[in-house]
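Chemist: Residues per chain are reported as follows:
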Amino acid sequence: MALLQTVDLKRYFGETRAVDNVNLSIEEREFVSLVGPNGAGKTSLINVISALLQVESGKIIFKGEDITRLSVTERVKAGIARSFQLVNVFDDLTTFDNVALAIFSREGKTAHLATLAHLDHAVADEADRILNQFGLAAKRSDNARDLAQGERKLLDVALAYALKPKLLFLDEPTSGVSTRDKAQIMDTIASVVRGEGITAVIVEHDMDVVFKYSDRIVVMAQGAILAQGTPDEIRKNEQVAMVLLGSSGPDAFTRKD
Amino acid sequence: MPAARTGPSLLMMLVVAVPVIAALAVLPRLVDLYQTELLIYGLTFAIAALGFNLLLGYTGLLSFGHSAYFGTGAYTVAFIVRDLHVQSMELCILGGLLSTLVISALFGYVCVRHTRIFFGILTLALSQVLWSLAFKFFWVTGGTDGIRVARTGVTLLGGLIDFKGSGSYQKFVYAYYYYVLGLFVLATAIMWVIVHSPFGKALQAIRDNEIRASFVGIRVRRYRWLAFVISGCFTGLAGVLWVPLNGLTTPEILYWPFSGEIVFMTVLGGFRTFAGPIVGAIAFNYLKVYAVASSQYWQMVLGCVLVVLVMLLPTGIVGTLARLATKLRRG
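Protein chains in written order, with my numbering: chain U, 1 to 257; chain A, 1 to 331.
Simulated from the structure, these hints should not be mistaken for lab results. Treat the hints with care, since some could be wrong.
DEER-style ranges, computed between Cβ atoms [stated by the list, open to error]: (1) 122/U <-> 30/A: 44 to 50 Å; (2) 308/A <-> 197/U: 57 to 63 Å; (3) 137/U <-> 260/A: 42 to 48 Å; (4) 222/U <-> 221/A: 33 to 39 Å.
Computed far set for chain U versus chain A, every beta-carbon distance over 12 Å [as the list claims (entries may be wrong)]: (5) 8; (6) 144; (7) 177; (8) 206; (9) 226; (10) 230; (11) 245; (12) 246.
Computed footprint of chain A on chain U; a stretch qualifies when at least three of its residues, placed anywhere within it, have a C-beta under 8 Å from a C-beta of chain A [stated by the list, open to error]: (13) 33-46; (14) 88-96; (15) 101-109; (16) 114-126.
Just so it is clear, CB atoms sit at the ideal spot from N, CA and C, and this is done for glycine as well.
Starting from the given sequences, assemble the full structure and let the hints guide the process.
Modeler: Below, the structure is given as structure tokens:
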């Protein structure tokens with residue numbers, strides 16, 4: 001049974017079909033990339049599945065249960081976490097507190113108001129471990145707003161990861177960062193996700209990144225799924241090359257024009 | 001190697017708090033009766049502002065209706081003393097806290113469905129409902145005359161200390177000063193723990209980014225509501241303590257300008273710091289008393305201070321001092 005399944009999922013904005021009859025199935029421990037031109041509906045699809053956007057019609061089945069009507073927090077508790085295209089962290093909290101908060105929340109401790117947060121050593125140790133994994137240990141006492149863009153991107157992912165989700169959506173985790181940082185961010189994400197056996201769905205524009213890290217690639221266009229398959233299958237798909245690159249041919253994805 | 005812990009140092013907090021409490025404890029021996037009385041007012045308002053700032057500084061919600069909870073606490077004491085003939089201040093505190101708990105839970109339930117200006121307007125509107133009730137139902141509330149609560153009518157520490165007989169005014173001021181100081185220290189300690197607890201961190205996360213807060217699993221509305229109730233109860237406690245000192249409660253403390261004064265105190269001290277509201281409340285109290293005493297245009301004096309404050313010291317007294325201290329430390 002698939003970990004996540006969407007059934008005829010729809011979300012329109014007036015005449016615009018942001019998500020149009022999407023039937024997507026994600027298996028456990030898969031690393032799936034969601035690609036497509038701007039406006040293809042990749043982020044909208046993630047927004048609908050994570051409850052940032054309401055569903056127009058259709059169903060979302062997660063771990064065999066219909067979660068279509070669940071709220072954001074209920075879906076988080078069920079095991080779905082996400083990061084955001086534009087960095088979305090707690091700017092006036094320290095890097096450490098950002099991650100610690102996610103751990104407190106996961107453990108149902110955020111309602112505790114008679115204990116001092118920093119004296120919870122189990123949470124502090126785990127937060128430090130996660131900051132280490134994401135290469136943010138040196139910045140643990142800095143406010144999130146003072147981090148560099150690449151670090152903020154990593155913190156955004158670390159926040160989602162600290163929730164120990166079954167399914168992790170990453171919306172353009174490398175957008176707006178330098179090529180050097182991009183490789184580092186992706187290596188960090190891949191090692192963490194694969195190491196923990198987390199199922200990940202990543203929205204990405206850089207096809208080199210997509211081909212390198214994905215088990216499966218899902219190509220979207222105009223709100224619908226155009227094609228899906230392994231990196232090799234997608235590389236050879238001429239229709240995909242036309243949609244993504246505007247040209248086709250056997251080496252369309254490697255040709256440097 | 002374990003990394004250094006982040007978070008407040010208990011030792012540092014004590015280094016600041018102990019001398020301040022010690023100074024406050026000896027102050028009545030150094031200043032006259034009037035100054036001591038002013039300080040009781042200051043400490044009372046400090047508890048109110050501390051509660052208010054849990055919403056503004058830590059949760060990011062600007063309430064323009066905190067007079068409602070101060071007034072609820074005050075009127076509850078007046079009703080208890082007048083109608084139930086209870087003298088014990090401890091029972092009055094219990095009653096006042098219970099009634100503010102109910103009112104703030106009710107008002108908060110409505111208000112936290114909104115944020116920003118809509119939240120502010122709702123808190124203002126609801127507080128004015130209470131004001132009009134106090135104003136119009138004069139057979140219950142005494143209307144504009146209010147309800148008198150004579151200091152001779154209350155006892156402290158379960159009847160251990162009363163204020164009957166000669167010299168009672170002086171005795172009241174000194175005894176009540178230490179009573180309020182004790183409760184102020186307790187309230188401040190409780191608030192300090194709350195804002196440094198996981199719950200306090202969750203509130204700050206909601207203040208920073210409510211969407212992301214819900215995406216880490218925090219039930220934003222419920223937490224705002226809880227913060228609202230706690231905030232209301234602190235302000236209610238201040239109202240309870242204020243009544244015997246003032247000797248009278250009138251609809252004025254339910255009226256919106258008093259809500260504005262609570263905002264003023266907090267902004268004056270600095271709403272982004274824990275101690276800001278405390279310093280702001282005490283400073284505001286002196287400022288108002290001396291402005292009233294020195295000029296019939298005292299509102300203009302306060303207005304000018306507010307304008308200067310917003311333009312020159314947007315982080316308030318404590319915020320500015322903290323920044324200066326950091327600058328000095330860095331050389």
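Chemist: Per the stated criterion, does the least C-beta distance between residue 206/U and chain A lie above 12 Å, as a non-interface residue requires?
Modeler: 25 Å, holds
Chemist: Would you say residue 8/U is clear of chain A, with no C-beta pair closer than or equal to 12 Å?
Modeler: With a cut-off of 12 Å, residue 8/U remains clear of chain A, as the shortest Cβ separation is near 26 Å.
Chemist: Is it true that the C-beta distance of residue 122/U to residue 30/A lies inside 44 to 50 Å, as the hint says?
Modeler: Distance hint for residue 122/U, residue 30/A holds at roughly 48 Å.
Chemist: Hey, does residue 230/U actually stay past 12 Å from chain A on C-beta?
Modeler: 31 Å, holds
Chemist: Could you let me know if the closest chain A CB is still more than 12 Å away from the CB of residue 144/U?
Modeler: At about 8 Å from chain A, residue 144/U fails to clear the 12 Å cut-off, so the statement is violated.
Chemist: Does residue 245/U really sit off the interface, with its C-beta more than 12 Å from all C-beta atoms of chain A?
Modeler: At about 33 Å from chain A, residue 245/U clears the 12 Å cut-off, so the statement holds.
Chemist: Can you tell me if the region 101-109 of chain U counts as covered by chain A, using C-beta to C-beta distances under 8 Å and a minimum of three residues?
Modeler: holds (count 6)
Chemist: Could one say that the CB atoms of residue 308/A and residue 197/U fall in the range 57 to 63 Å?
Modeler: 60 Å, holds
Chemist: Can we confirm that no CB of chain A comes within 12 Å of the CB of residue 177/U?
Modeler: 19 Å, holds
Chemist: With a C-beta cutoff of 8 Å, work out whether three or more residues of the region 88-96 of chain U approach chain A closely enough for the coverage to hold.
Modeler: Coverage by chain A holds for the region 88-96 of chain U (8 residues, Cβ < 8 Å).
Chemist: Is it true that the C-beta distance of residue 137/U to residue 260/A lies inside 42 to 48 Å, as the hint says?
Modeler: 46 Å, holds
Chemist: Go ahead and decide if the range 33 to 39 Å is satisfied by the Cβ distance of residue 222/U to residue 221/A.
Modeler: Since the Cβ atoms of residue 222/U and residue 221/A sit about 36 Å apart, the hinted range of 33 to 39 Å holds.
Of the numbered hints stated above, those contradicted by the structure are hints 6, 13, listed in ascending order.
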